[in-house]
Amino acid sequence: AQSVAQPEDQVNVAEGNPLTVKCTYSVSGNPYLFWYVQYPNRGLQFLLKYITGDNLVKGSYGFEAEFNKSQTSFHLKKPSALVSDSALYFCAVRDEYPLGGATNKLIFGTGTLLAVQP
Amino acid sequence: SQTIHQWPATLVQPVGSPLSLECTVEGTSNPNLYWYRQAAGRGLQLLFYSVGIGQISSEVPQNLSASRPQDRQFILSSKKLLLSDSGFYLCACTYNEQFFGPGTRLTVL
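Chains as they are written, first to last, in the working numbering: chain A, 1 to 118; chain B, 1 to 109.
Honestly, the hints are just simulated from the structure, not real lab data. Just so it is clear, the structure is predicted and the values come from calculations on it, not from any experiment. Every residue gets a Cβ at the ideal spot worked out from N, C-alpha and C, and that includes glycine. Please note that the accuracy of each hint is not assured.
[To be verified] Beta-carbon label-pair distances, calculated as ranges:
#, chain 1, residue 1, chain 2, residue 2, range
1, A, P118, B, P69, 17 to 25 Å
2, B, K79, A, E66, 17 to 25 Å
3, A, E15, B, G52, 43 to 51 Å
4, B, N63, A, P118, 28 to 36 Å
5, A, N12, B, P69, 40 to 48 Å
6, B, P61, A, A14, 41 to 49 Å
7, B, W7, A, N55, 24 to 32 Å
8, A, S3, B, P61, 35 to 43 Å
9, B, P69, A, L56, 42 to 50 Å
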């Protein structure tokens, strides 16, 4: 069965320091991987995705993620954290399109709360 | 680009009352549509999805139902709310990736 794990409930980092939010996945086929961010009382915003190609994916707001097939990981990174990056981050996976059509359902991790201290 | 509208933004309802949450999508046609619930500000639970008008798939058994009367309209309903229905309800559509609406905060008292 497909699954996504975010092993850290919370990540604390000082402003200006690099940040990493971890995600590992388990799928039966080729993974389509996504990162979303959620600010309080808001919907989720798309940050970036990996479908195929380069293992390093660049996304919005200076975020990037590294796809590692051997470790089945897709960690979110940013070289220099901002206080405004403080939010809830979700990793998600979508399996390959099934034969006969695609539902495009996503399976989300439990979320990681990123707290950036000034 | 697509835009998702949800209303109401917040709702406080007594136990046993009915519910109707609406989601409409602009900027795309024949989208896949989804209803999620987020409890306790954390994990997302997929409740329903729809790949076309009148086509609804339920992910988990529950007190809620969904309908899609038009291509870009998705409605979440209940005949009698339970306390456990409280949460943050998010509508989403797929266009390359999933886009989310602003959400509805439901409190059942």
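Right, here's what the structure says about each hint:
1. P118(A) <-> P69(B): 17 to 25 Å: With Cβ atoms ~49 Å apart, the hint is violated.
2. K79(B) <-> E66(A): 17 to 25 Å: Distance hint for K79(B), E66(A) is violated at roughly 48 Å.
3. E15(A) <-> G52(B): 43 to 51 Å: Given about 47 Å between the Cβ atoms, the range holds.
4. N63(B) <-> P118(A): 28 to 36 Å: Given a distance of about 44 Å, which is not inside 28 to 36 Å, the answer is violated.
5. N12(A) <-> P69(B): 40 to 48 Å: Holds, since N12(A) and P69(B) (Cβ atoms, about 46 Å apart) stay within the stated range.
6. P61(B) <-> A14(A): 41 to 49 Å: Once the Cβ atoms are compared, 46 Å apart, the range 41 to 49 Å for A14(A) and P61(B) holds.
7. W7(B) <-> N55(A): 24 to 32 Å: violated, 41 Å
8. S3(A) <-> P61(B): 35 to 43 Å: violated, 21 Å
9. P69(B) <-> L56(A): 42 to 50 Å: holds, 44 Å
In the structure shown, a violation is registered for the earlier hints numbered 1, 2, 4, 7, 8, in ascending order.
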